[in-house]
Every structure is written in structure tokens, then in C-alpha cells.
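Novice: Below, each chain spelled out in residue letters.
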Amino acid sequence: MSLSDIPWNQFGPINHFPTRQHLTSGLYPQHPHSPAFIDPGFSQISGTFYPPGQHSYFNMNALSTDEMETFQKLSNEFQANVQGPAVSTRQSSGAIAVEYANADPTFVTKTSALAVTHPLSRTMKGDGNCGWRAVAFGYFESLLGLQNLMQVHHELVRIKSLNVLLDQTGQQEHLYEIFVDATEGVFNQISEAIQNGIQDETFLVNAFNDEYNSNAIITHFRLLTSAWMKLNPHRYQAFLSLPLDQYCATRIDTVRTEIDEVGLQALVDGVIEASGFAVEIMYLDRSEGEVVTPHLLTPSRLSAATICLLYRPGHYDLLYPAEPTVNMEPVVNYQYAMTSNYSPWDQGSLAFDVNTSLMSIPNLMMDPSFGMAPSPMPAAPPSPYSVSPPLEVYHSPMHASPPPMSLASPPPPPRISAPPPPMSSLPPRSSDGPQIRLNPLVMKNNLCHSLPVTTPFKNSPYNQAHFQNQDFEPIHWEPSDSRR
Amino acid sequence: MGSQKRIAKELAELVESPPDGILVKLADESNLYLWKVYMEGPEGSPYHNGKFLLNLSLPTEYPFKPPTVSFKTKIYHPNVTNDDKGSMCLGMLRADEWKPSSRIHAVLEFARQLLAEPMPDDAIEGRIAEQYKNDRKRYDEVAKEWTRKYAVESS
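Chains as they are written, first to last, in UniProt numbering: chain A, 1 to 484; chain B, 1 to 155.
Hints are not guaranteed to be accurate.
[To be verified] Cross-link-like lysine-lysine pairs, in silico, DSS-like; alpha carbons within 27 Å at most:
#1 A:Lys160 / B:Lys65
#2 A:Lys160 / B:Lys9
#3 B:Lys5 / B:Lys65
#4 A:Lys230 / B:Lys65
#5 B:Lys85 / B:Lys144
#6 A:Lys160 / B:Lys5
#7 B:Lys9 / B:Lys25
No wet-lab data here; the hints were simulated from the structure.
Next comes chain A alone, as it looks inside the complex (with noise of 0.2 Å):
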């Protein structure tokens, strides 16, 4: 990191920094892992350019040139001091909702909502890596989830055979084998767990939290998308700001580089697509709506399993929903039609190619060189049947009319009558009791006003099923309760 990397409001004294009062005023409220925020590791080097007390902001033509060298050296050496595992047991997203208990009210409604949604969630470390990790982890813990022994072969085979794109861009097999042995390393414990039926994660949360064998991973993992992105340059590059060397060399090739919308889109197009497993971000920003934003990144279509991840600006964690997401419904990708069983169109007949999955990620620019509307990208994207006219004979033989192309009609909310169950989870399943499966559906875009997530008043203290009520009494849920 050099100096000028740093942002300027690190080198503020701690006390300027919001408090956690000032936070509604739309901050993003303070979490353990965003960069964004002072480390105390900072403050302490910090305090040896500023006596105690002395409010000024650093002045950097008051610092003589070996000042200078000395604090360029600080920031050479400094590296976040981020506490916690890589990648922590499974547990409940309440605490998300607790997290932002106090934080602007878009934040503490989507929350709350997706601890109903997603009841359990897995944190990565913030070391620059967590985005990479919970893809790679989430990719493993589906695979070892489908207890399928020749489908860990079967992935196996396939992770060695890209291999040939690491080849192709100039990478030497003496220097990314060690790399690869450690992916193939994971695979075979996924197998063995397999054959001795062993179902609990345990054995790979293990397996992410050892430095080297991590590291290895993700460098593997990074150097496959850098290939792939580098031998498709005509997908990625429209949506990048420097040339696509420069970007895999300083974003993707790097050991620490946090992962953006474009590297993770090509880190699924290129490695974990082909598995056949979803992966979908649940976005939970301060955007209008009352549930986390979903993006699906891979083609609609049905999935044996859903890498979940929960993106919050700077950081990815994964995110478990309360029912498996087998067969879910895409709501969001209408780019191709609903089945893909059907060879895919000749985009070679096209004059560039049309990233869809890039193009449909909320707020992503395209450039404006790229020959088309340099607008904002609205949530639905624009189709590239329209490029290529032919394609709309390729509508699904299982739907009769073309699937709807935007989320202002969905099907009618499915009737729930069932009591809000707590804001932060739900209640454990007896077997006796009665089962509520909600519609994976319901969990969508504004079907969510179906949802029991949010009463009136829920979200105030002056509620006494709010924590912060000084009379706090959590609502009990009774499985008898859903019979009246």
C-alpha cells in the first residue's frame, strides 16, 4: 500500500470518526470487517505523529522527507489487523440483524427480514480474500452437501482439466501446481468424508482456516479467472476501467485484492458455472425495498445447489436460506428463456459479445465505447433478443408465453396467516408441530409484503418486542399458535 492509497480520513485522529449515534444519518454502520474503518492497529502508529489531544488533520507539507520515508514506511508495512477465523461455523443471522440494530432503518428492516429468510449465515474474514473464500467454500460445502460421490470426481476432473487455460495464458505448471494439489487436495477429503458418510462441514471449515492450504486455494481459484478472463477478453473488458492485463494483474493475480462485481462474474462464468451449481448475491445495501437485493450469476436454470452470498459494500459472507433452494424459480435473470436445455445461440453471429450476466448487475456502467445506451443498467436488462431477432424462437417449450420481463408482475402472493414469528429467527422445527414452508418465491423483490417479517412498530423501541425496550419481552412463538 502506498501513501496515497490511503484514504485521507485515516490519518484524522480517532474522535473524528462518527460515533455509533451519528451512524443513522446514513453511514454504514460499524462491522468487524470493513477496510473503511479505522483499525486500532493504525491508531497506535498514528499517535506517534500526533501528541494526545491535538485535533489537527495530518498536513503532509508540515512533514519533513524523512517524515515522509517513515510514515511511507508505516503504510508499506501496515496490514489491517483483522481478528476472527477465515471462515467461521455456520450460525445465526439474527446477529447480522443485531449488527445494525442501531443503524438507518432501511438496513435494520432488510435484516431483520433476511434472518427469516436465511435463518443461519457463515462469516469470512475481511482480509481481501472474502469475497474468493465464499465463493470457493460455498463451492465445496454444495458439492460435499450432495453427498454424490461421482459428482466429486466428475468436479475433480473438470477443476484439473482447466489446468489447459493456465497453460494457454503463459502460466508454468512448476509454479501453479502446488496451487492445484491443494484444490485436489480438498476434493479428495470431500470424497473420503463421502464414503464414510460423514455429512458435517467441519473437516473443510478446518481445511479454509489453514493459512497455507487456504491461500493455495484461492490463488488457484484467482489464477483460473484471471486465465479465463484473459481468453475471453471481449466479455469482461466493456466493463472494466483499465485494460484487462492490467486489471487481472493488480485485482485478480494479487494476494489480497478484494474481488469486484466484474471478477466475481467472471470467477463463476469460468470455474464454478460449469458444476451446474447457482450462485446468487443478496445485495443488502440502503437501496429502496425491505429485503436484501438478489442477483442471480448464473444462467436461470435448475440447480442441484445455491452458493448464497450476502454482499454488504466491501464484504462477502454466506448466507444459508431456510428452505434448500432446489428448483428455485429465477425471478431476477430473464436473459435467456426459462429451460436452457437447448443448445445456446451462435453468438459468434454477433458483432461483440453481450456479457448478460455483467449487464444485469444493478448499477454496473457500461462503457460507453462498448456501441451502446451508456445508461445505468435497470434492474431489468435490456435483452439481447433485441440484438439478434431470431433468438425469440428459442422460447422454453414448457412456457407458453414468454417468461415476464420485469418484476412489476409477479404471480399473486401466496396467503399466509401465520403469526410473525420473532424478528431475528425462526423458531426450530418440531417434528409434531406444524411445518411452514414458505415459497422460496415469497422471498422475492415486493412479494416480500407477504412476508410476516415487519408489523408496524416492529422496528421501534417503543415496542416492547424491541430489544432496546426497556420493558423487552421477545415474543414467544407457540407451535399452537399457527392452528388458530
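Mind docking chain B on chain A? Use the hints.
Specialist: Positioned in the frame of chain A, the structure of chain B alone reads:
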């Protein structure tokens, strides 16, 4: 462990086909992580005819952290600390710019290239960098003198 396997292969490659003007060997046969590098000053630079000894030390986390390179032979250069450490830390040698797919071969070529073309804007010795930019003649003289004094074997 994977990193030893890789270091051994990289070393074998470097011994078999060393880059121009560079020779490497282990400082101690039993330790893969500490190398001695003999580097000839590139032609056209004030370091020409000098033979510099460098230490290359590989962290246990290699290749996820970069090697560290230091000049054991005293050298007058804006990017090498002018002390008994002789350390050099810029470009690909920085932890945040390092790529695990880079090889030591490239590190050594990078170090030698730096002798031919110093990077005064990324200097660790600000005074030498100033001189390199504003009074190249004087810089050349001093660098040559130091090379004669410290980097030429008196045989």
C-alpha cells in the same frame, strides 16, 4: 509442503538456465529459504564491472508473500537503503503487488534491471534520487566510485 516443492523447482530452473549476469546458490545447502545471488552490474550503468552480492530470503509463506532482496555489497542507488541492510522493496517485491504466480527468476531480473534504470520516483534514498534526477553526472561519479571501492574484487 507445497512451498518447498516449488522453491526447489525454481532453484533447479535458475541453476540450469540463469538469467543474464546472475548466478544463484543456496547460502546453506540445508536451507531452501536463503539464497546467495551474485549479480554483475549491467553494461551502460555506473555499476558496470562491479559484482554485487545479494541475499534473497524467502518467507515461509512463499509464494503468498514476496521474497526479500538485500544488497550485501554496498551500493549507491536511490532504491537501495544506504545502510548495512541494503534493503530494496518496491514494485513486484511489495506484498500488495506481489503475485504468487511470479517466479524468483523475474524477481532477479527486476533487481538487475533496477541497476540499469533506477526508479527515483519510488526511491527509498530521497537524497540520491534528487541527485539522480538533477545532477546525473555527479550521481554517476559517486556510483562508479562506490562500485570500484566495494564491488570490484581486488585481485
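Novice: Each hint should be assessed against the structure and marked as holding or not.
Specialist: Hint check results:
no.: 1; hint: A:Lys160 / B:Lys65; in the structure: holds (25 Å)
no.: 2; hint: A:Lys160 / B:Lys9; in the structure: holds (21 Å)
no.: 3; hint: B:Lys5 / B:Lys65; in the structure: holds (16 Å)
no.: 4; hint: A:Lys230 / B:Lys65; in the structure: holds (24 Å)
no.: 5; hint: B:Lys85 / B:Lys144; in the structure: holds (20 Å)
no.: 6; hint: A:Lys160 / B:Lys5; in the structure: holds (19 Å)
no.: 7; hint: B:Lys9 / B:Lys25; in the structure: holds (13 Å)
When each numbered hint is compared with the structure, no violation occurs for any of them.
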